[in-house]
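In order, the protein sequences belong to chains Y and U. Under numbering that gives the first Met the number 0, the first sequence has 90 at position 91, and the numbering climbs by one with no breaks. Under numbering that gives the first Met the number 0, the second sequence has 19 at position 20, and the numbering climbs by one with no breaks.
Note that these hints are calculated values from the structure, not bench results. All values reported here derive from a predicted model rather than from experimental measurement. Errors might be hidden in some of the hints.
[Said to hold, decoys possible] Quick list of in silico lysine-lysine cross-link-like pairs, DSSO-like style, CA-CA up to 30 Å:
id, chain 1, residue 1, chain 2, residue 2
1, Y, Lys9, Y, Lys136
2, U, Lys284, Y, Lys167
3, U, Lys94, Y, Lys58
4, U, Lys94, Y, Lys136
5, Y, Lys208, Y, Lys167
6, U, Lys94, Y, Lys208
7, U, Lys252, U, Lys204
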Amino acid sequence: MSLKLGIPSKGRLQDKTIDWFAQHGITVQRTGSDREYAGQVIGVDNVELVLLSAGEIPKELAAGRIHLGVTGTDLVREKMPSWSDIVAEVEPLGFGHADLVIAVPDCWVDVTTVDDLDAAAAQFRADHGFRLRIATKYHGLVRDYLSGEGVADYQLVDSQGATEGTVKNLTAEAIADITSTGDTLHANGLRILSDGLILQSQATMFASKTAEWDATALSAWSGFSKGCGWADKPF
Amino acid sequence: MKNDRRARIKEVADRLAAGFVSAGALPVETDSLLPADVLLDLYGEDIRARAYVTHDPVQGEQMLRPDFTVPIVQRHMAEGAEPARYTYNGNVWRKQSGGRPTEYTQVGYELFDRTDPAGADAEVFAMFSGMLAGYPIKVTTGDMGILLAAVDGLKTTDRRRAALRRHVWRPVRFVRLLERYGGMTPPLETRSDLLDQVAAQGAEKVLAQAGTPQGLRSEQEVLARIAVLQQDAAAAPISSEEVQMLEQVLALKDTSSAALETLRDMAASFPALQAPADAMEDRLKAMAARRVDVDSLPFEVSFGRTSMEYYDGFVFGFTSPDRPDLPVVASGGRYDALTRVLGQGRSIAAVGGVIRPEALVAVQEGAL
């Protein structure tokens, strides 16, 4: 079975991934029309390129339908409980940097740390009769972090996009979201808590531990590992 | 083969439930799908990590029953007469890591009786202890009421006592708060900076410079918390004697009767420990009357501290010393605080416990 390599199907992440391979002497290119999701790898034999939405890559790795995949560490940790049993981090690729952070409105001058957030949540619940709402799409990561910090009296509300607007729209009191520069947070009158960094994420090459690594797949791995300087075995 | 095992678990569950019924408990059934809002409000986000949430287009978020306690307390508060004894035998669903089953049976017993707390604690414990006799498991007991009373007795501000009390079930934050209130760690730098600014310019001005107000948490709420922070900064630290007392209480681990003696000694210097020591003495007497050997019964003040937020009195747990991989075989305790939250003003005195027949069968297999 040839080695299946999953890369993002479009956008900046795809371009950067292709650039990264090019720097290591491997040509990854799309074939057919711009709209067709097909491509090939030149320089390593027995590789099948699979173009996937970045959000699907963790699931495909977990199911073992692809051997290697490029996706953000944030997605892997959010979507896979006990992720390290299922995938191995082959190499951080040095792009797609994003931090998952907790942010509160600028006007909360009394809240600069997670400790303050906890105290504010207690008072908020007493004043309003419901738990302080934190909007996010990273439920698992945020919950684990806050639970580890011993924060109580909050609730997570789901926000799949435009999370920075939820405070203004009165659907949340605070947010936990991915940011790279902090500009969008700032423009929306939000400030990151000084100890509110939950995870530093970047695009990373992952190897699936559930995929079938037969001789053909392993020989393709060797082809990659020569160019990219990876270990002899995927994990 | 798998079916055989299921059948054996069911057999054990039915036998346990029959035991509770013959002790006078009324068998009750509850819905498997519960409205999520009640459970979420009660347990907070932690329950989402443990329970399965599903969505109904009309009824909104529903949760697959993660335990029986909540629906039984609700039902009892709506229609029950006291004293009441209930038993249940059915499945619960919990997300698990490490390959443990996500659907399993619980057999439980709940006692609502406000007249004789010591007697009720002893009755429930003696019943579980009797039904589990002969299995290769060990028991531990505890009493959350001791720590709560110790916190309530601290000579400090109401706010500090309330903050510590709120985090009794979260040891990490409890210790951090205690260290700050005891002057063992310096105040947060960001907090001192804010208070300096407020002292120089006034709170309103500091707030006005901080950007346009937005969100549901109002300027008044921010100003109110600044006032609280000012009061807290001015408050004297909790004395090192009291911090030590709390640490001693937390570390207390002995046989039940020896632990009671230590507690009595401590109560001589810290009168707040008098009432929980009396309560413990009453309970140990009631347990001894039911032929529990309190001179050998293990006791730890901190036992059960992280397992369930609403246990606020006597707690117990049965585990397998040979199979640390197994979940707790049986556990229970007093949860008056939970009924207070669910009852929105009303409350009842409640003590109960639950057995996992699947763990009991596994313990037996391990011993064969």
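(message) Of the numbered hints stated earlier in the document, which are not met by this structure?
(response) Those not satisfied are hints 2, 5, 7.
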